[in-house]
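Participant: Taken in order, these protein sequences are the chains called G and S.
For what it's worth, this note's numbering labels the leading residue of the first sequence as 1, then goes sequentially.
For what it's worth, this note's numbering labels the leading residue of the second sequence as 1001, then goes sequentially.
Keep in mind that the hints are not guaranteed to be accurate.
[What the hints assert, rightly or not] When the alpha-carbon atoms are kept at most 30 Å apart in a straight line, the in silico DSBU-like pairs for lysine-lysine are as follows: (1) K107/G to K1253/S; (2) K107/G to K200/G; (3) K111/G to K52/G; (4) K1289/S to K109/G; (5) K1289/S to K270/G; (6) K200/G to K111/G; (7) K1067/S to K1253/S; (8) K52/G to K109/G; (9) K270/G to K111/G; (10) K111/G to K1289/S.
Simulated from the structure, these hints should not be mistaken for laboratory data.
Take a look at the letters that make up each chain.
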Amino acid sequence: MILKKSLASRIIIPVCMMLLLIWIFFPIYFMFISAFKNNVEIFSYPPDLLFKPSIEGFVNALLAPASGQTGREWGEHFMNSAVLSISSTAIALLLGVPVAFALSHLKIKNKDRTAFSFLTIRMLPAIAILLPLYLMLQSVGLLSTHAGLIMVYVIFGLPWIVWLMRSFLEAIPHEVYEAAQVDGASNSRILLTILLPASKSGLLVSGVFSILEAWNDFVVAFIVGGPNTMTVPVALGTLLSERIALWNTVFAVGVLNCIPALIIMIIMRKHWARALTLGMVA
Amino acid sequence: MATKRSGLPPTLYILPAIFYVFILTIFPFGYLIYMSLFNWHLYGGVAAAFIGLENFVAAVSDPGFQKSIALTVGYGAFLTVAELVLGVGVALLLHRESRLASAVRMGMMLPLVMTPFLIFMQWKYLLTPGTGPVSYVFQTLTGDPYFAFFSAVPNVYLTFLAIDMWQWLPFVVVVALAGLSSMPREPLEAAEIDGASYWTTLRYITLPLLRPTVIVIVLFRLIDSFKTFESVYLLTGGGPGTATNFTSWLIFKTGLGIVQNIGLSSAYAVLFLILILAISWTAMFAMHKIRGK
Chain G
1 MILKKSLASR IIIPVCMMLL LIWIFFPIYF MFISAFKNNV EIFSYPPDLL FKPSIEGFVN
61 ALLAPASGQT GREWGEHFMN SAVLSISSTA IALLLGVPVA FALSHLKIKN KDRTAFSFLT
121 IRMLPAIAIL LPLYLMLQSV GLLSTHAGLI MVYVIFGLPW IVWLMRSFLE AIPHEVYEAA
181 QVDGASNSRI LLTILLPASK SGLLVSGVFS ILEAWNDFVV AFIVGGPNTM TVPVALGTLL
241 SERIALWNTV FAVGVLNCIP ALIIMIIMRK HWARALTLGM VA
Chain S
1001 MATKRSGLPP TLYILPAIFY VFILTIFPFG YLIYMSLFNW HLYGGVAAAF IGLENFVAAV
1061 SDPGFQKSIA LTVGYGAFLT VAELVLGVGV ALLLHRESRL ASAVRMGMML PLVMTPFLIF
1121 MQWKYLLTPG TGPVSYVFQT LTGDPYFAFF SAVPNVYLTF LAIDMWQWLP FVVVVALAGL
1181 SSMPREPLEA AEIDGASYWT TLRYITLPLL RPTVIVIVLF RLIDSFKTFE SVYLLTGGGP
1241 GTATNFTSWL IFKTGLGIVQ NIGLSSAYAV LFLILILAIS WTAMFAMHKI RGK
């Protein structure tokens, strides 16, 4: 029995874990090394594992004038991704944090119903609602504009912010709120000066997930966006309509595109599970 | 309670957001229903004509739509069960103190932060004949230089499944791990004192305690599988034939593709949304009941 147990824990479990690591890392490994191949090397087949690293892909991505058929620079696409995700998150925070506050500490009617209607947004496939949004934005002249895209991204950021902030604000005992109220502080003051400073990591986590929602989006930007708003994923898509894909450029852009998310991941690793389920699993 | 002296009434905290959601979600949904009542083609110069429920009759009796819904739900259900079983297994494996386990736990977060579109491009590269490393491995194993990852059934489903596993198994694992570590200790300790074996404890204590977490996992994975769009756009275009004509793709293709039949596409979307709302509200209700206890 002891022998059996030690066999399992000494050999089988580590081997399984190694296999998992390999499974997770081999695609990323190939993406990473492909980003450092030159324009010729990238087409060698079988793919070389050992080669002289080159930054040609990154040069293509950052300095060459045009990406695919769009005739725009990659810097512009990165700028679009950043502007759209940050400004939509700012608006979503302004709208969503008060809701989270009301749901966690104030007396309002239909709390559960309100909370679950925000959660429902998280469930909707964007594509099903994009057709009417497309026509609505078109009729008010916001199709293919930054403003139009931001308006839509706010919707996708809201469920993260409402649910995650609610979960963080609920963790603050209600007595704290009551004590401040007894001292004569108004609701807005309690929120701004007591509750929010105490849930900074909640703001960080919910804001980050709202940003990622827009940063990683393809469908919305693809359908209601235009040449001026083209984000990195949409621009990557246009590269594929060329006959020969320069995979080193694709992956150089890809590596750069992942860096912000990677930093975020490391900062927030403690909150990960809670965030992914919008606070439903601690 | 003495006189209330706080400035804003509590409802004012939720009204702006509710109003915003109304304008950008409920209103478009109403507009979608409205659109579905017309024979409406975006281009082609034909004016939209009111035809009542004809689009819905056409949608329900359309074998293409039926097949697409069956594919979306069937694939989603299979994927959810497979990822749930495998993911909980992996979580049990990783639920221990070791440097290797924590390395795997960290690595597992990578697919979750990567842009999904990039993930699909990465797999496209890996699987492209004459370019990709995985394609090369299959060439050496099978002798076929053009191994049909995407152009044959059932290969295309297995490929989609593998890619989805790479992308989303980590989600199941991370959430299940959180569920495992937030579990009350007393029942587990009691079982240990009683001398219960690992498997007995797992079967009668750990897994039942994990039930709320499992509901969350099932809800999110099932609902998110219905969003399958980018992978179809990038990898198969709905093919081979109509093998990967997932409903999200069908709605897009019918409304904004070559046909641009707005009315029919809207009817598809309305029916699809009703299905999704029914599933997610059922799951949310179940979650709410468990939470309330």
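Participant: None of the hints should be skipped; say for each whether it holds.
Facilitator: These are the hints, each one checked on the structure:
no. : hint               : in the structure
1   : K107/G to K1253/S  : violated (46 Å)
2   : K107/G to K200/G   : holds (24 Å)
3   : K111/G to K52/G    : violated (61 Å)
4   : K1289/S to K109/G  : holds (19 Å)
5   : K1289/S to K270/G  : holds (28 Å)
6   : K200/G to K111/G   : holds (24 Å)
7   : K1067/S to K1253/S : holds (15 Å)
8   : K52/G to K109/G    : violated (66 Å)
9   : K270/G to K111/G   : holds (28 Å)
10  : K111/G to K1289/S  : holds (15 Å)
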